[in-house]
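2 protein chains.
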Amino acid sequence: MTMLKGNAVVGQSGGPTAAINATLAGVIKGALAAKGEGIIDTLFGMRNGIEGFLQENLINLTDIFSDERKLEILKQTPSAALGSCRKKMKSPEADPETYEKLIEIFKKYNIRYFFYIGGNDSMDTVSKLSQFASEHDYEMRVVGVPKTIDNDLAATDHTPGFGSAAKFVATTMKELIRDISVYSMKAVTIVEVMGRDAGWLTASAALPVISGGKAPDLIYLPERSFDPEKFIESINELQKDHPALLVAVSEGIRFADGRYVGEGLGGRKVDAFGHVALSGAGKVLEDLVKERVGCKVRSIELNLPQRCAAHIASLTDITESVGVGFAAVKYATEGKTGVMATIDRADGEEYSVSYGAYNIAEIANAVKTVPDEYINETSDGITEAGINYLKPLIMGECPVVYENGMPEHIVL
Amino acid sequence: MTMLKGNAVVGQSGGPTAAINATLAGVIKGALAAKGEGIIDTLFGMRNGIEGFLQENLINLTDIFSDERKLEILKQTPSAALGSCRKKMKSPEADPETYEKLIEIFKKYNIRYFFYIGGNDSMDTVSKLSQFASEHDYEMRVVGVPKTIDNDLAATDHTPGFGSAAKFVATTMKELIRDISVYSMKAVTIVEVMGRDAGWLTASAALPVISGGKAPDLIYLPERSFDPEKFIESINELQKDHPALLVAVSEGIRFADGRYVGEGLGGRKVDAFGHVALSGAGKVLEDLVKERVGCKVRSIELNLPQRCAAHIASLTDITESVGVGFAAVKYATEGKTGVMATIDRADGEEYSVSYGAYNIAEIANAVKTVPDEYINETSDGITEAGINYLKPLIMGECPVVYENGMPEHIVL
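In order, the protein sequences belong to chains A and B. All residue numbers for the first sequence refer to this note's numbering, where the first residue is 1 and numbers rise by one. All residue numbers for the second sequence refer to this note's numbering, where the first residue is 1 and numbers rise by one.
It is worth saying that the hints were derived from the structure and are not from the lab. Be a bit skeptical, because a hint or two may be false.
Since the list gives no way to pick out one identical chain from another, each pair is judged satisfied if it fits inside one copy or across any two copies.
List of simulated lysine-lysine pairs, DSSO-like, C-alpha gap at most 30 Å [stated by the list, open to error]:
id, residue 1, residue 2
1, Lys90, Lys186
2, Lys87, Lys290
3, Lys230, Lys70
4, Lys88, Lys29
5, Lys35, Lys368
6, Lys87, Lys240
7, Lys101, Lys186
8, Lys35, Lys5
9, Lys87, Lys186
10, Lys107, Lys5
Bear in mind that the values here come from a model prediction, so they are computed numbers and not experimental data.
Model the full structure from these sequences, guided by the hints.
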């Protein structure tokens, strides 16, 4: 393999996470190391992903991050510092102009390395670009780095960003259990967690069991259909033992007939202007408890803080997110293209990981859901095997730098 | 003043905060110090406030917290470790049995010191008990310690628990600003903050300005009536400058006619069973933007984590919450009764506080709202004077002890 010299570009795409900038920091570290070896000269950052790249909206990251301290602040800054986009690339046959434009910009800036941090759509972009470049005799290495709080990507043991979101969910559940336990009257608190098709993040609600606490009384994942009658039975049964219950529910749970629970129970909600509104699974369960149990009930939607609460990020997640970004650069300079960098968990009792490179063309667009052995028999809780999988991913706290009472962030 | 020897009891009442256990830790420290001086022998804790006390549901805190490390964990445990209640005491004339029962239990356990941590209702209990005991020749010192995330109590510069809630709100706003800024399309994100009658907590949403960030674009407090037309005008005007807006809104904002915004705009919401439902101010503003502006819009209710996110507690708040609890014991052993311990801010540039004791009978039940000079002229933002008041209260981070990835809590 000949050494490919030139410039590099990195972009971020899809929904933000608390760790996507840590991966960017890893790519920057990798590019700075490759600069030392005379391989990569300048690392550019594209603003708003491939959309910004097509407008040559680039910044010089090699210059900006010659200051080591800035890299540390980047690691603790949530969301995508370069901005994001949701563009899904068409095939070269369907949209030849875009690809010609891309090659033109690659040549103009002598870009030989292309790194893209994102989810399934981003990996698809990596695959198409890699193939197009090789078919058009433009030597370029294209490597993807995964990120999603949903943890639903194939080929990697877990995704960068998931561990931090899981740590936020677990910590919030542990705190909520303390909060709801102060009164001696019957009450149900329902917490809706992100995850449309995969229940990984909702499953992490069970983690207080490893920290001297208890899991929510009921945990419902989208991997199982939701039975409202069984839910009410469980509430009544559990309240015989203790009055204040906590329920964790994925936004994506569905009834047996396939309809999302968030669509409601037949009655239709209308908003202040009379439009039909979807209310969310938590709200529907709240209405159900109000009607059928009659006790005090509240629903809480954890919402965006799940993906941007960098102040409580997992040190394991942030460390690995940097590591997988760094590894991506190494794979590219070693000659790999059309691959996604992965996190591979070693077998054995003690948790340890290594990084790998997986041929994206071989990754089906399949969603990796929570396996049966992680869900209990009554489909309302997480097994020990599930806890054992999740536990290492939330370990460790980052040494967050504060500025006047709030974590310091970098804005590019 | 003769030295009054005997036992003591402490209770917690009202809604939880992240600092109410820090105040409990302060009372315990004070009682342990008074034990060293031969004044207080045993400090009992009453479960579920005065309700539990009437059932003699007591635990021996002097024994439990002879272990110093447990006090540190108590300080970082959110919510009320002793449990809470919402009982409002009637007057001795209206309910003589309860007061006789209380005196009976005081005598049985030789209780000479009564500490009650809570809000307005709790201070009312302190006042009534203190008066009743003195009129019935039972020598006892009754001292209240304030707590509320709402910061709306008179006589004290600020309330224990507020600083930690404000730090959570400020940090979450700073993180959300990063999150919503990644896309280049028009969007409005509305965050609903607790505070029915006073806008202190919503005002703290402005604090990212002191930390290299910016305030939400619009901040609406219950101290000003809400004008939907002006709101829409502001959104349209601001989006000419930048596409993604953040709006902080208090749950308690009202229209000019006095109706809560959370009651809706005339159209009535019905829940899944056809019942009329209140949707919350944030949701109503979301519907309004959807209808009148038409851009992407999302509302987020910060909900219970505002009052229990102890993992991001303010060191200033926790330190003062311990201090005011300790001071309460000192005032009692010095002979004060029927008082509330307060936090007094010193004049001058540098922030410093001392503790005081305020005669509860002189505190009107008035709500302390955000003063005019802290709200900007257009009634949609916070002035520099307001920022200067709020800033010191969120300073410093607590050295949180973690256990398997989540903060360690104590359960009594």
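Results of checking the hints against the structure:
1. Lys90 with Lys186: between (55 Å within a copy, 24 Å between copies)
2. Lys87 with Lys290: between (42 Å within a copy, 24 Å between copies)
3. Lys230 with Lys70: neither (52 Å within a copy, 41 Å between copies)
4. Lys88 with Lys29: within (28 Å within a copy, 61 Å between copies)
5. Lys35 with Lys368: neither (37 Å within a copy, 60 Å between copies)
6. Lys87 with Lys240: between (52 Å within a copy, 24 Å between copies)
7. Lys101 with Lys186: between (63 Å within a copy, 27 Å between copies)
8. Lys35 with Lys5: Classified as within; 10 Å inside a copy, 75 Å across copies.
9. Lys87 with Lys186: between (48 Å within a copy, 16 Å between copies)
10. Lys107 with Lys5: within (13 Å within a copy, 87 Å between copies)
Against the hints set out earlier in the document, violations occur for numbers 3, 5.
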